[in-house]
Amino acid sequence: MAQTYKNLDCRNYAPVDVAKGICHVRKQLVLADGEACEMFEKLPKCKHCAKYTPGEEEYLGTCAASPGRPMTYPDLIGVTCEWFSWKDAR
Amino acid sequence: MRVSRKLSQVLEESGIPLDYQAGGTSPEETTDREVKREPTPRAKKLRDLYYQTLSSATNEFPYWYTRKYMELDNEVPVVRRALALKCAFSHLTPTILPGELIVMGKAHYYRGSFPMPWLSEGYYMAKEDELYQAALDKGSASADEVSRFGTGGGNVIRNFGNVVSIAGKFGIRQEEVPALLRVARAWVGKSVDDLGHKYEQMVPGYDIKEAIMKSVVCMFDSGYTLPQGREVINYYYPLQYGFDGLITMAQEKRAQVAGHPDGDGLVGMNRLYNYEAVIHVLEGVQAWILNYAREARRLEAGEKDLVQKKEYRDIAACLEWIAHHPPRTFREAIQLCWTIHVAVLNEDAISGLSPGRLGQVLWPWFEQDVEAGRITEDQVLELLECQRVKFTCLDCFASMGVVGGVLSGNTFNNLSLGGLSRDGAPACNRLEELIIEAAINCVTTQPTLSVLYDDKLPELFLLKAIECVKTGTGYPAFMNNRVATEFLMNHYGPEGMKLEESRAVAIGGCLETSPCSWNRLTLNGKRYWIPGGSGQPTSVGVHFISLPKILELVLFDGVDLRTGLRVFPAHGKRLETYEELFEQVKAYFARAVAVLSLTNNIQHDIWRKNNSAILNSLLKPDCLEKGHLINELGTRYNATHNVETCGTANLVNSLAALKTLVYEDGEVSLDELREALRENFGFKMAIEVGSYSLADQEKKEGVDQYDRIHYRCLTAPKYGNDDPTVDGILREWEDWFCAMCYGYESLNARPYYACQISVSTHAPMGAATLATPDGRLAGTTFADASMSAYPGTDRNGPYALFTSATCWDHSRSQNSQMNLKIHPSAIRGVEGARKLSELTRAYMRKGGFHIQYNVVDSRMLREAQRVPGQYRDLMVRVAGFTQYWVEIGKPIQDEVIARTEYEGM
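These protein sequences, in sequence, are chains A and B.
Heads up: the first sequence at position 41 corresponds to 41 in the numbering used here, and the numbers run straight through without jumps.
Heads up: the second sequence at position 321 corresponds to 321 in the numbering used here, and the numbers run straight through without jumps.
Everything labelled a hint here was simulated from the structure, so no lab data went into it.
Fair warning: this is a prediction, and the values are worked out from it, not measured in the lab.
Incorrect hints may appear among the rest.
Computed far set for chain A versus chain B, every beta-carbon distance over 12 Å [unchecked claim]:
hint, residue
1, Q3
2, H48
3, T53
4, P70
5, S85
List of simulated lysine-lysine pairs, DSS-like, C-alpha gap at most 30 Å [as the list claims (entries may be wrong)]:
hint, chain 1, residue 1, chain 2, residue 2
6, A, K27, B, K44
7, A, K6, B, K498
8, A, K45, B, K700
9, B, K45, A, K6
10, A, K42, B, K309
11, B, K310, A, K27
12, B, K846, B, K498
13, B, K310, A, K42
Glycine included, every Cβ here is placed at the ideal spot set by N, Cα and C.
Given only the sequences and the hints, what does the whole structure look like? Please build it.
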């Protein structure tokens, strides 16, 4: 089954606040937790990164990019991360 | 069933109504403000978006800061912090919204902010977390318990969907919370709060400090809550040299000082590490700006609308230039100032970082661009309106007690106007008129405006300012330039302040007179003097001491009846004379300042050792030249720690009531009065009523034995009526208070001084105080500010109030504060504007430091309480700041409604 994504996982989503943002493609306010549309483009986040390992606790994981594998979390945005690399094909 | 009688009814029946109207009669129908305009479509769209935006927190900056910091064990502390800051700045996600001209923000949300657990890790942990419980035990939660946020606007007061509410104001995404808690735990035992607490307990008499905090005699510790702020930023160095130039300068200096103590065996060697830290932080800021530039390029590439495409392109070009070089145009200069401003706010928890005399700082670019036809005044106006929206989007993340109880959610970015130039000429200019125009068109809470009033300022400029007052935003406030410069000369004279330099003064935060200096700027070969901040933060010190609470403790021999805690050692006096009573008030106050100044010094010392300001330091003369940051007194002026008070009018009124009723007329014995206070004059306690608001207080059924005493207390002489007896009490207090502060030494080995603003503390501090001898009921707000009369008690008109307020020398204090509420009809038209101008001038000429006006019909405020959804954009002046009505707590709302409303002049 194809994975569904939320708007806040989309590269075209500009967050306004914790609940909503502006879609740069559709030029309108959309809900953060709303289902992404067909123009969805995956936003780099730790959960999509090859160096990310999920932890036992929900919303926590580790990053293999630094010594000691520091804690990180799946929804940390990675557009500015020098170590980010896609885990899977987009 | 009988309905309990409300305080408002009791007062009405006593002939002293709660909502007193003076000086005339207003029209019967609700009157709106006279001046109402619209911003440009672009600014309106951005402002409308703000109205829909929730206050949002993110873990991004704390995560990267903490990750880097924890990697760097044993690095020199200032370099360790610099590298952590660089890492955090470099990793912030850039967000640019369509229509924005001025870009960049604290976080990737429009109204974003983030916690700084390296200052204090406890307050944003969820309530079930054991660290939060430990914080409760330390007393820091006491102010939280009595602080109330407004429930409307952008405050996230409860969890919803995937959003978690923190501190009653900020929303954070649920998926970030576990990581936030992990980051917070990394700082347990290491934060400024925890380390400061460890060492402050070594101060003899620390138990008194604990009791003071738990009983809300004092409102908060500044060392780990808001260690910087209420100061004036200085944009000069980046504007003149650009970031590349500053990095080069720091590299050259680093080479000069490496290994050289140069006669200073204590901190001379530190200069090497300081310059190294400066370079890292500047590189982090550059990376942050360039990330935004890349985002603008990305958006440009995907944008189909040609106008928007060009705007993204212009944004990118602007950012790519200012990331390295000094600005060439007004557009680049205003963007750079904004960028620097946000960068400093991201470096530390800061409230009241004021842009200062921005219209004079940006004047060189404005003058040259307009003259060369590179920009029109309309384009400048649009940029200024957009800048207002950006400033309004700023949030400060701190605990409920601080953000709600002290700040009412405000961030106090005060923009100063007018004043005098270096050579004593009026300093106002055309750009400042446009700044006022932008504030009239685009009414927002930030930046608030302050006119540095001088008799030399042109009348037309003052009338422009009055026009803005008529919008009802509460700004500009008027500050007395003469009094301010006298204060600076007196207080900073020992650090070298001269008259010429004192004229660079601007207001930091609400109304903190701040030391500034002139800097020589050259643009295209033309030379200018521009003003900017040159002192340490003034948000630091003993904040705030509740004066009515001190009196209460005197009356009850050092015990806080609300909590049952012994706060001060028993004085054991019978208080047989008024003089004995007053002396004991001073003695307890001095005891509080003595212990709080010591614990405050320790907290700030921990802060400056581990959490030093690097970016804010390098901006301030003379840190870059000396190689010493703020923590090593690199700044030109360092005597900035102060003692702040709250509830002056209630203290003075209470002393006046005691003097007349108990000691002179003998109508009431002290014991009878004590009992009446304990019994809240026969009213229910606020906690029982379920509200701390004045209007909601209810009488107990069948309890009337205190009615006579209450009536006499209410009708005893009150401050604000040109009454020599009451004014004499105020004068004695002020003369003593302003002098006593100089007996305490800050960690910078400089004397403390007096600071007299209430911000919003008059609500939570009132909530923690029993009934007072002036007739005020337990739990209700104190009078706002320091020179405002208690609501409804100034019965002889504004000029009598002015005479009372100026019975002492305001230049002995960093400030004083006076709020007047005026019905819009009282200042309508040209004639009304001139009346308000004359009223302002009269107060300034009498020596008053500050006055500001709430131009509003109280009926509109009541209506806004009833249907807040229809008043999202309604703003009022609270104390030294303007806030959206729906975002302030009900006790403050009620206090603003209750203030005396002048309906004629």
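Among the hints numbered above, which are violated by the structure, and what are their numbers in rising order? 4, 7 and 8
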